[in-house]
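Enquirer: Here the protein sequences come in this chain order: R and U. Numbers 1 to 783, taken from this note's numbering, label the letters of the first sequence in order. Numbers 1001 to 1142, taken from this note's numbering, label the letters of the second sequence in order.
Bear in mind the hints are in silico, worked out from the structure with no lab data behind them. Check before you lean on any hint, since a few could be wrong.
Estimated spans, in silico, between C-beta atoms of each pair [as the list claims (entries may be wrong)]:
no., chain 1, residue 1, chain 2, residue 2, range
1, R, Ser152, U, Arg1050, 47 to 55 Å
2, U, Leu1099, R, Leu331, 52 to 60 Å
3, U, Asp1003, R, Ser20, 40 to 48 Å
Part of the chain R face toward chain U, derived, beta carbon under 10 Å [what the hints assert, rightly or not]:
no., residue
4, Asp426
5, Arg429
6, Thr502
7, Ala528
Given the structure is predicted, the values throughout are model-derived calculations rather than measurements. Just so you know, even glycine gets a beta-carbon here, dropped at the ideal spot from N, CA and C.
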Amino acid sequence: MDDLLQEFIAETRETLEALSGEIVMWEADPSDRQRLDAIFRFVHTVKGSCGFLDLPRLSRLSHAAEDVLAAVRSGDRIPDTALVNAVLAIVDRIGEIIEAIDVGTALDDSGEDLLIAALAEGAGQSTISGSEALNVASTQPGRGATRSVRLSVDLLDRMMSGMSDMVLARNELARRLRDEAIDPTIESALERLSLTVAEMRDTVTRTRMQKIDALFSALPRMVRDTAAELGKTVALTIEGADVELDREMIEMMRDPLVHIIRNAVDHGIEAAAERIAAGKCETGRLVVAARQSGNQIIIEIADDGRGIDVDRLIRKIAASGDRSEAQLRALSESAKLDLIFEPGVTTKSEVTAISGRGVGMDVVRANIEQIGGRIALSNAPGKGLTIAIHVPLTLSIISTIVVGAHGQRFAISRQSIEEIVTVRGDAVRVDMLGDTPIANVRDRRLPLVFLCSTLGLNGAMPQPELLAIVSVAGGSYALAVGEVLDTEELVIKPAPPAVMATGLYAGQTLPDSGRPMLLLDCAGIAAAAGLQFGRAAVVDDPVVEVAPVKAADSALLFVDLDGVRRVARLAAIDRVEPVPAHAIRFSAGKLRLSVGDAIVPLATVLADDAIHQIVERPEVSVLRMADGRSEIGYVIAEAIDIVTLEHEVMPADEPALVAGVTSIDGDQVEVLDMHWIFSACADPGKHMRAEPPLCLLAGAELGWMDAFLRPVLEASGYRVVTSPDPDQPVAAVLAMAEDHALPAAGAPVVRLRREVSGDGDSIYRYDRAALLEALSARCARAV
Amino acid sequence: MADLFLIARIAGRTVAIGSNQVDSVVDIGEVIPVPRAGHEVRGLAALRSRVVTVIDTCAALGLPPSDGPTARAVITLVDGHHYAVLVDSLEDVAPFATLPFASGVALDGGWARVACGVVERDGDAVLAIDLRSLIPGQLAAE
Chain R
1 MDDLLQEFIA ETRETLEALS GEIVMWEADP SDRQRLDAIF RFVHTVKGSC GFLDLPRLSR
61 LSHAAEDVLA AVRSGDRIPD TALVNAVLAI VDRIGEIIEA IDVGTALDDS GEDLLIAALA
121 EGAGQSTISG SEALNVASTQ PGRGATRSVR LSVDLLDRMM SGMSDMVLAR NELARRLRDE
181 AIDPTIESAL ERLSLTVAEM RDTVTRTRMQ KIDALFSALP RMVRDTAAEL GKTVALTIEG
241 ADVELDREMI EMMRDPLVHI IRNAVDHGIE AAAERIAAGK CETGRLVVAA RQSGNQIIIE
301 IADDGRGIDV DRLIRKIAAS GDRSEAQLRA LSESAKLDLI FEPGVTTKSE VTAISGRGVG
361 MDVVRANIEQ IGGRIALSNA PGKGLTIAIH VPLTLSIIST IVVGAHGQRF AISRQSIEEI
421 VTVRGDAVRV DMLGDTPIAN VRDRRLPLVF LCSTLGLNGA MPQPELLAIV SVAGGSYALA
481 VGEVLDTEEL VIKPAPPAVM ATGLYAGQTL PDSGRPMLLL DCAGIAAAAG LQFGRAAVVD
541 DPVVEVAPVK AADSALLFVD LDGVRRVARL AAIDRVEPVP AHAIRFSAGK LRLSVGDAIV
601 PLATVLADDA IHQIVERPEV SVLRMADGRS EIGYVIAEAI DIVTLEHEVM PADEPALVAG
661 VTSIDGDQVE VLDMHWIFSA CADPGKHMRA EPPLCLLAGA ELGWMDAFLR PVLEASGYRV
721 VTSPDPDQPV AAVLAMAEDH ALPAAGAPVV RLRREVSGDG DSIYRYDRAA LLEALSARCA
781 RAV
Chain U
1001 MADLFLIARI AGRTVAIGSN QVDSVVDIGE VIPVPRAGHE VRGLAALRSR VVTVIDTCAA
1061 LGLPPSDGPT ARAVITLVDG HHYAVLVDSL EDVAPFATLP FASGVALDGG WARVACGVVE
1121 RDGDAVLAID LRSLIPGQLA AE
């Protein structure tokens, strides 16, 4: 907050200095509309910032002045000398308070009521005039020493280009020196120079760049406060706070962003009752997202409020005079929306302390256009408004990945790259759709674009090896690049029109190597390659990727006990469990695994009497499989990986343990025949319990039962509930001996007691064996 | 009234370039091509800490692109971008008065677009050209 306050002070101070000339000229000619607008903007900005920095006195003064000036702007008041004096007194007072805040001294607030009163109509003659009020109030505090220096960006630019020159000169020097046998002292001096230069460069770079977070960090508080003032609840989501932006841009964006967000909360998002009536969630949603797109930074402010009521806007403007309604209605849709940027327009009838006169929007647009940006609206009446602010990336330093194509280097903005993958194996491969290659990256199908051929560097389509997964507005695609060389922070400058005309580049840069490099415009490349991303495609994207076919084709690759790699279809396997070798015995003519009290028959690739081969191992894994009736296991040495069976399975000559053979990465791998294993191995007589019996815990000791008994029961194969469910028949009820009114009447009851000794009707509650036995007996009776 | 002109040879012809258009005269080093750009754009080159766009003057004049080594160039600043206009050689810098074309003279092809007058040098007529007209993407601007 201190930073913000400091900035506010510095900014206000600066504006005041610039404004002093305007004020004098306005005083000379109160009808001068331009001066009036400038002063109006100043007090409006102060009002906006104050509300958010919690400076109520400034807020009150500026609000009062703004009211009067708005009246002058709309023609309701004539700017006579008294009014001008009163406004000027307030502007001066604002300046004094700002200085007082900076120094940290208290400033007597007497006289401020007089200042505000002086603004009232007809106040000039009857009450103390503004300037007198000022004299009353003024105590002239000393101005605080400034702790920061404001530099012109021009100077920073020159510093930056000087820095680049220095780096290149250093490189040149290093090259020259390398060619000759050099004195170690010179070498160490050069090294020191290099270090200094690198450090210096970082510093100079940092002077210009700032994370947009600096702009966004204040938003949550602001949204919360603004919403609270209006009695609304608004959920704010911030995305892309780590996008870096020119410091100057950030400063220029601050006011517009504050205005837009306040407008969104105040005008856009409806009151809770209205939202519910419109079938929306009570809490308004506000999304502020920053991203880099090509050579622009886009900041989007999206709300889910009522949007702009264009009809009402037109009626308002028509009512104010200049143009007829018919004239306005003849405008194109986007031109109609743009009317919101006309000075003095508002869609709201009453003026609030937050926002109100629509003044924000013309100021906003002026500020943004000043930095070479533009502002775009996307209006969905009743559903919300999205405002996108595009500002140029010019002179931004961006983090890039340098790729090579046909021996030439290109930079790609790191932000647009999701990941870089190597074409290898099944996970990342190139499939052919007709004659069109597409990339298949972990089951995500993406259009494939070859950088070389898109740039026209060579005609032949090479075998892609490295894919950069690039996301552009609307979707993602895989860009096949020759090599990935480096990551580098680069100062991107705009390329000349002749280069930009290709539509493939976002800018140019001069890296340390001294060889110019082009920054690729990923969206432009997608367009040049003929990719089309529809909106629907984006929505469908993640859904379509889930291919149900896959499950059947996935298989577990494992090392079998005889050391051979085999696969088993994943669908048939319940789980893979490591088991201690001693849990496996050869008993009753079969290998069997003890799992608790249960015994699971096992199959292996080995002969049945080869148990010693299993026991010798410290640990083996068992593939647990179930067909719904019986459960068996297959003993393996070690699981390797889950693979996709994409090649045909050649069947074995005779039905046996191995169903056939398939090719995985060019290797012959046997596929287990699950059907045969079950038929050979499963216990024919043994039934798996379809559903474990349900136990209901009830009565006075429910808490104890839930904590102590539930784990015991569940470990013994019961399901446990604490309240009866009509759809699920209860096999047994557990209750204390003295519990009477029990739910689920009819079900057998096991009664417990607290004492060790007691009658035969109840069981001591810590006698686990007796308890489980009784429960099992009751359940058996019930079934 | 005489202006300072740079006398150069471009595509085998002698031309005069107004010195107010000339930022500097340099030897161009390595040129990095710009794939898919027009053939007038030979590529990009580094000039100290700046990136300049190297213009193939022959191609810009509509003549067959020169394939000779790129060496000397005249640097000109157009709309904030630096361009290096390749020249065969540089001969002289001297003040000349710009004369209008003799009536009835029609210049050939690309030359007509870039010509802005005639200067007389040792009795020979030399075509004065406007570098800006050689820069692709600037045609609309005057």
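Enquirer: Quick one, is the Ala528 (chain R) hint okay against chain U at 10 Å, beta carbons?
Expert: With Cβ-Cβ at 8 Å, under 10 Å, it holds.
Enquirer: At the C-beta level, are Asp1003 (chain U) and Ser20 (chain R) separated by a distance inside 40 to 48 Å?
Expert: Holds, at about 45 Å.
Enquirer: Is it true that the C-beta distance of Leu1099 (chain U) to Leu331 (chain R) lies inside 52 to 60 Å, as the hint says?
Expert: holds, 53 Å
Enquirer: Take a look at whether the Cβ-Cβ distance between Ser152 (chain R) and Arg1050 (chain U) falls inside 47 to 55 Å.
Expert: violated, 21 Å
Enquirer: Just to be careful: measuring from the Cβ of Thr502 (chain R) to every Cβ in chain U, is the smallest value less than 10 Å?
Expert: Holds, because the Cβ-Cβ distance from Thr502 (chain R) to chain U comes to roughly 4 Å (cut-off 10 Å).
Enquirer: So, as I understand it, the hint says Arg429 (chain R) touches chain U; can you test that by seeing if any CB pair is closer than 10 Å?
Expert: violated, 28 Å
Enquirer: Hint check: is the beta carbon of Asp426 (chain R) less than 10 Å from a beta carbon of chain U?
Expert: This interface hint is violated because 33 Å lies over the 10 Å limit.
Checked against the numbered hints above, the structure breaks hints 1, 4, 5 and satisfies the rest.
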